[in-house]
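Asks: Join the two chains into one complex using the hints; note that each chain is given alone, in its own frame.
Just so you know, the protein sequences line up as chains F and B, in that order. Every letter in the first sequence is one number past the one before it in the numbering used here, and letter 31, counting from 1, is 31. Every letter in the second sequence is one number past the one before it in the numbering used here, and letter 207, counting from 1, is 207.
Since the hints were derived computationally from the structure, they do not count as laboratory data. Each hint should be verified, as a subset may be incorrect.
To give an idea of the chain F side of the interface with chain B (calculated C-beta under 10 Å), a few residues [as the list claims (entries may be wrong)]:
id: 1; residue: 58
id: 2; residue: 60
id: 3; residue: 178
id: 4; residue: 225
id: 5; residue: 274
id: 6; residue: 277
id: 7; residue: 281
id: 8; residue: 284
id: 9; residue: 287
id: 10; residue: 297
id: 11; residue: 395
id: 12; residue: 397
id: 13; residue: 401
Derived list of chain B stretches under chain F, where covered just means 3 residues or more per stretch with a C-beta under 8 Å from a C-beta of chain F [unchecked claim]:
id: 14; segment: 256-270
id: 15; segment: 278-285
Simulated DEER-style distance windows between Cβ atoms [stated by the list, open to error]:
id: 16; chain 1: B; residue 1: 206; chain 2: F; residue 2: 178; range: 13 to 23 Å
id: 17; chain 1: F; residue 1: 183; chain 2: B; residue 2: 206; range: 33 to 43 Å
id: 18; chain 1: F; residue 1: 285; chain 2: B; residue 2: 391; range: 49 to 59 Å
id: 19; chain 1: F; residue 1: 104; chain 2: B; residue 2: 170; range: 20 to 30 Å
id: 20; chain 1: B; residue 1: 172; chain 2: F; residue 2: 345; range: 43 to 53 Å
id: 21; chain 1: F; residue 1: 40; chain 2: B; residue 2: 172; range: 40 to 50 Å
id: 22; chain 1: F; residue 1: 223; chain 2: B; residue 2: 274; range: 41 to 51 Å
id: 23; chain 1: F; residue 1: 280; chain 2: B; residue 2: 370; range: 53 to 63 Å
id: 24; chain 1: B; residue 1: 391; chain 2: F; residue 2: 306; range: 52 to 62 Å
Here the structure is a predicted model, which is why all the values come from computation and not from measurement. Glycine included, C-beta positions come from ideal geometry on N, C-alpha and C.
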Amino acid sequence: MKAMVLGTGAVGSVTAEVLAKSGEYDKVVLADVNLERARRTEKKISSDAVTVVKVDAADDAALAAAIKGVDIVLNAVIPRFNAAIMETCLKARVSYGDMAWDIATDRTRPGEIIKEVPATNFLKYDDAYRKAGITGMIGLGCDPGLSNLFARMAADRMDRVKEILVRDGDNGTVAGHHFAPLWSPETLIEEVLMPATVYTDGAFRKLPPFSGREMFEFPDPVGSLPIYNVDHEEQETLPTYIGKVLGKGCDYCDFKIALGGEYVEVINVLGKLGLASTKKVDVKGVKVSPRDVVSAVLPDPATLADRAKGACAIGTITKGVKDGKEVGYYIWTELDHEQCHKKYGYSATAYSVGVPFAIAAVLFAQGKVKQKGVFPPEMLDPEPFVKMLPKYGMNCVEKKL
Amino acid sequence: MRVLVLGAGAVGTVIVDQLSRSKEVERIVVADIDPKKTRALKRKIGGTKIVTRKADASKVSSLVRVFKGNDMVVNATIPRFNLVIMEACLRAKCHYMDMATGGPKDVTDSPELAEQMAYDEKFKAAGLTAMLSMGVDPGASNIFARYLANRMERVDEILIRDGDNSTVDGHSFAALFSPATLIEECLLPPMVYRDGRFERTEPLSSKETYVFPQPIGPLTTFLVDHEEVETLPVNIKGIKRCDFRYALGQEFVDTLKTLRALGLTKDKPVRVGNKRVSPKDVLVSLLPDPKDLGPRVKGYTCVGTEVAGIQDGRFRRLYMYTMANHQECYEKYGVTGTAFQTGVPPAIGVEMMARGEISRKGTFTPELLDPEPWPEELKRHGMPVEIMELA
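Bound conformation, chain B alone (with noise of 0.2 Å):
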């Protein structure tokens, strides 16, 4: 198979570390923006699998031709630009794969999961797959979603949960991964599902804290707004809850909420002296990149997903999760283990698809592929899943 990866970031580079690792993927393509990124990629993890192009992901047209000849497109970049990738995958004539969606529209520049969804028929026609969220979460969460709902006979809750007790040495403020999303994904009304129903609460309210398992321990958790809660209600039939918590320190949590009522987290461009400038941007400015965080971030990230049901009859609550080490997985593969986290799904995604394990077509969320597999695939790649049962 013919691989070609989308940007040559954190993520992106696990990707790329992973599949010049498989036997199924005989060339990937690293493209990006950046010529320095692909090459340094490239440099970093050797072989003569991997070929590097320069493209520019606002453009149809230049995106086409860089894709031809490619089986697959796995889109390592952000939402922004997943309609623009999966129009080019169309005409190019490649299966598509993303990590993350965008929207709300009216508040952010990104595409929403609806306007991904609407070209399940050109897809489907063209005899093409389209994987959409298939990183850890979403996406080995919506695994585990499904991996446990097939075991229950009654389904009544299922509750994502993400925590991380890493610190990060000189920064009380610091994004593991991209800060201008967590900001924005912080600050969005979170959509949860209450009997039955979507529903929209109030951002960074509704504190809660959630005992992961160990060495993390118990984190204060916020519902955040995530594509998980928009998808497993609808293809996961008859359950009455379902929501997203991401484990925010009190200080990160303050210290939003501050920055929001000043105002310094809008997008819209404000007039300083002269210039205009969006304060989110000089924000976000501020903050470490991630990228540069690597050595520094000590701690676990723990990513599951808890389904409450009947099981034998009798009522069960199940945590399944898979945690990985900062410190560790910066040694082996030189990311973070967010970004480790988040790159292994998708390298197995791509491998499945070789293999033709996945055949099914048109655009489709993780949850409505087979999950038998996944959890000893994930084992083989570096990242252990786990069951915890819960009182």
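Same shape as in the complex, but just chain F (with noise of 0.2 Å):
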């Protein structure tokens, strides 16, 4: 079996190490735009199995040249070029997986009911990957990824789902900074200010940013924090997949994440001052997006990862009915940042997604990934891959509510 890792960030190295390691594939291609950044990363998995080369995501021309052979492309760039890639893929009959999408094209105002959510630009292709026979894994990452999955498992258990809550909590800091988010900035600001996409009374709905506050008991260390309901992937696909297509229903889905006072205030003073736009402004005739100058001044999460101290936990809470009784679960996976560092040497936030990612590409290797045509991770079998996580140092813990 021969994947392809596109994009080497911290996210890509860290699939491309597992998938390396893991002896199902005899050929993990690094592929980047920046060479350099490819080689640093075949030299820290340093396994015969990998090579690198350079392509431009953005390059569709290249990038089917370059996969030509490959068995499975692994995205892991930014989710602007997903839709491109998927077609590249589905040119070239390889299949692909991804671990996010972009959510901000939605342009519903809060309020309001939202025609259609952004995963249908990706499940779309579902019946052309059928057709060619390929497998389009989207969104297999920590959350969306394991988040979706834990659903599953709680609601394989139930005879009717009801809600579904995802819930993302870290209490890391890194000593020296007021502001230093572990995850892309860009992402975070993002994600933060939009409005939340909601399932509730039938419809994919949009909240104000900084909706629905409360304090959640994340388990411990990460401990009691304040969360607030975020756009997110997961909630655009639960309650269609397992609420229609798997049959169980679902009444209600959202996603929340913890955010510490000083994020709210942080982003809240970008917003209204007008620094988290991405529309150019002119400075002394410099042309510059005040989002990118942000960006800029904010530490780069690929330097903090060796001194962010606390832990994070992503789970879901699922309830429902079964044999007429109400049961919900509490599944989650639960991540320190220094051992993860200490004994990996990869921040925990791109290790908890980037190993995910590599579980799926494993099992897809093994077979055990039959279905074809594109689908949320929803729609794996739970069992085996959970299975895996210890492997990986990483765990799956569970707590009937």
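Replies: Printed below as a string of structure tokens:
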């Protein structure tokens, strides 16, 4: 089997390393527009299975040429290129996987019903992928990804599902920084300032930013943190796939993330002053987007991994009915920033996304992913997936509610 | 008297407007790097006294050519150019006046007061006067300090209090004067004078409510680094305490602290893609330009000096102040109350020079002037002055 990991940033490097050491792939091609970066990852992995190639993900023709002979492309570049990469894979009849998609394309205003969730832009390739006999796994990281699978695990034990609540909490801090997102600052600012999608009363609806504040008791050592509705991938697919495709029903689905007081203040200030805007402004003759300037002054998350302290807990609460009785499960995965960096040399944020992404590819190579077509993570069988997590230092903990 | 006003911004406009009506001034040259601004100013004020010139405040030689033939130069630009303009005045044999000083040098790119004061001997030798920091605060605030101090046997404290209750429609973070200066001023460690010693404190700390005269009332104030604190304790002997407080809303302060923590108030350029840009310039570019705020600024501005000491054998605490209504100033003069208050004292200073009422040579700050004629002069120019006894 031959895999291509497209994009060798933090997540791509984790995925490539797991794949190269899995024994399931005799070839792992590291593709990046920045060949130096790909070489650094190659050196870190130091496996005969790994080769590097320079490819610009934005150049369809170059990508088409590079994926010849590849069995699966694992897309770890920014989500902007997903649709084009999926098209290229389709034409070449190469299977595809990614771990996030662009949810910012929807312009529905708070209080309004969303006509078509952005996930449709990718799920629409389902038929074509089926006909081509290839697999397209989308949103297969930690959240989305594991969070969807946790919902599926719980749903499999129920006759009917009522609510699915995804909860992402991180108490990680970086000494010496007031505001140091451990995830791409651009993505964080965008996610938090955008109206959040929530599924309720039979429709996907938009809420204003910073809606639904409540305290949530994350498992120790993360602890109690304030959480807010945020726009995310999970709530775009779970109500449809768990509810309709799997026939379990789903009355309500949302995603909430923990944001400390200083995050809320920072993001509010950026929004209020126009600093979160991507529209270019003229600054003494130089045209720049204010959000790019904010990113430029913030510390690069890649440089923070060795200094982050704390832990993250990402999980899903699923409530429903079994044999006429109300049941509920909270299933989560937890990772300590310091330990993760010490043990694997990656930030917990990148590691927790890169591992599930790699596991999906390992299962694919083992023939355990049989489906063709394009589908979200909840359509995979969760059992073999979750069983593989401890092998890579990730856990899956559950609590009956 | 022939006067040259350098800088055709809001304050320059007020100065020219005031001088165009004074009999002591026969000609006013308005100079700016932007000829559109000077032409607009001339059109707006009218009359036959105004002449426009183009001048680049950063080049001594070009300034000397423009200054020659004038008796006095009023610097209504930004403090960065103070020394260049003083140097040009010496060479062109003109008296000099400005409204603000820069520094500290290690944080800002503008010269400190001490560097300007170092020109004292040169101005004296040339028989010229250089009046520094002659706006409203610093400026009128220094004169108020001297006025009240003259009436006391012993002066203990001089506290400058600047409060503004205005709101700007549609903006929660608007500055009524240069946003770059406001941000810089608020983030510098403020100098305070305590028990006979100068100290620097933490910026945006020491929150205190100050009750301004009606209709403003109580406002939250913060210590801010300001010119007055540097010279008043030196020139008004024996005081124990001197500081400057500026009224800043809690939301403004929180916002500014957040921006500082993020590094968005830094001057030093950062790399954005293949370009380099100063984060502070980006921030300023997103804020409203004070000159466009005009009629949208609603409320009052109050600048005053509280002096505490012994008068007729008894301890008294007096606040001498001037207040302006932003909308009224906009209707009458087309500028905000802040620009109006800043432009009037220098215009009065020019008239006093012309009448020979200011004869002191060399460089000095306003508390060294005779304060006695000032309350009347300010009133005559539309700036009422009041004295209030504090409990």
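Asks: With reference to the structure, classify each hint as holding or not holding.
Replies: Outcome of the hint check:
no., hint, in the structure
1, 58, "15 Å, violated"
2, 60, "23 Å, violated"
3, 178, "4 Å, holds"
4, 225, "20 Å, violated"
5, 274, "4 Å, holds"
6, 277, "8 Å, holds"
7, 281, "5 Å, holds"
8, 284, "6 Å, holds"
9, 287, "8 Å, holds"
10, 297, "4 Å, holds"
11, 395, "35 Å, violated"
12, 397, "35 Å, violated"
13, 401, "38 Å, violated"
14, 256-270, "holds (count 8)"
15, 278-285, "holds (count 6)"
16, B/206 - F/178: 13 to 23 Å, "21 Å, holds"
17, F/183 - B/206: 33 to 43 Å, "37 Å, holds"
18, F/285 - B/391: 49 to 59 Å, "55 Å, holds"
19, F/104 - B/170: 20 to 30 Å, "26 Å, holds"
20, B/172 - F/345: 43 to 53 Å, "45 Å, holds"
21, F/40 - B/172: 40 to 50 Å, "45 Å, holds"
22, F/223 - B/274: 41 to 51 Å, "43 Å, holds"
23, F/280 - B/370: 53 to 63 Å, "55 Å, holds"
24, B/391 - F/306: 52 to 62 Å, "58 Å, holds"
Checked against the numbered hints above, the structure violates hints 1, 2, 4, 11, 12, 13; every other hint is satisfied.
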